[in-house]
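**Q** The listed protein sequences derive, respectively, from chains D and Z. Residues 14 to 114, numbered by my numbering, are exactly what the first sequence covers, in order. Residues 14 to 114, numbered by my numbering, are exactly what the second sequence covers, in order.
Hints listed in this document are in silico derivations from the structure and should not be mistaken for laboratory results. The structure presented is a predicted model; accordingly, all values stated were derived computationally and were not measured. The beta-carbon is built from N, C-alpha and C at its ideal position, and this holds for glycine as well. Hints should not be assumed to be uniformly reliable.
[To be verified] Some chain Z residues judged to face chain D by a derived CB distance under 7 Å, without partners named:
1. V51
2. V54
3. E61
4. L62
5. L64
6. Q65
7. L83
Protein chains: 2
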Amino acid sequence: MARQDYRARVYVTLRPSVLDPAGAAVESGLHGLGYDSVSSVRIGKYVELQLQAKDDVTARSQLDQICDRLLANPAIENYRFELDAITPADAEGESPALSPR
Amino acid sequence: MARQDYRARVYVTLRPSVLDPAGAAVESGLHGLGYDSVSSVRIGKYVELQLQAKDDVTARSQLDQICDRLLANPAIENYRFELDAITPADAEGESPALSPR
Chain D
14 MARQDYRARV YVTLRPSVLD PAGAAVESGL HGLGYDSVSS VRIGKYVELQ
64 LQAKDDVTAR SQLDQICDRL LANPAIENYR FELDAITPAD AEGESPALSP
114 R
Chain Z
14 MARQDYRARV YVTLRPSVLD PAGAAVESGL HGLGYDSVSS VRIGKYVELQ
64 LQAKDDVTAR SQLDQICDRL LANPAIENYR FELDAITPAD AEGESPALSP
114 R
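Here chain D stands alone, though its shape is the one from the complex:
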């Protein structure tokens, strides 16, 4: 059974109702550097990974499980992800998101 390669980009963020001390610290640091107009700083996790699955539906369901079980804490975090089918050659190469700006 041939399996398809996928690249996932996962964004894990604190639920809006949850206090974000790291975000508050960065915000006050930025104000201290003179960036007074900055507000609503929220810090989250950005995870890139590759996986193989027989089709998109299976890949999505695996990724949901991966997020629920390990990448995000459902009690305080939300997650969303983007999933792209990639060629085996892409799977070997560097992820475009990691290439310099």
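Add chain Z to chain D, keeping to what the hints say.
**A** Below, chain Z alone, put in the same frame as chain D:
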């Protein structure tokens, strides 16, 4: 001088040449949970913030400075960002990215 509100989404990732122990730990944890096909796990930061500026060019240049000076360590990290002009009403409300999946 009227100022425009902006919402920024910043992605900070380790340069590809830099080892990612956190990513390796997550990868082995996922293998331990039975997700053997997962590979190339890389963990980064996802930062959301709002700022005001007189125009897009100024907002982008401020965000570059903010990334270079505080959000990313240029020696080992890359960053990229998305910047959207928002209405004052949006600026008050919850960021769409933070709303549950």
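**Q** Now, for every hint given, state plainly whether the structure supports it.
**A** Do the hints match the structure? See the list:
The closest approach between the C-beta of V51(Z) and any C-beta of chain D is roughly 5 Å, which is under the 7 Å cut-off, so the hint is satisfied. The restraint placing V54(Z) at the interface with chain D holds, with a minimum CB-CB distance near 4 Å, inside the 7 Å limit. For E61(Z), the interface hint holds, since its Cβ comes within 7 Å of a Cβ in chain D; the closest pair sits about 5 Å apart. Against a cut-off of 7 Å between C-beta atoms, the interface hint on L62(Z) holds, since the closest Cβ of chain D lies about 4 Å away.
Among the interface hints, the one on L64(Z) holds; its C-beta lies about 5 Å from the nearest C-beta in chain D, closer than the 7 Å criterion. With a cut of 7 Å, the hint placing Q65(Z) at the interface with chain D holds, because the nearest CB-to-CB distance is about 4 Å. Satisfaction of the interface hint for L83(Z) is found here, the shortest Cβ-Cβ separation to chain D being roughly 6 Å, below the 7 Å cut-off.
In this structure, none of the earlier numbered hints is contradicted; all agree with it.
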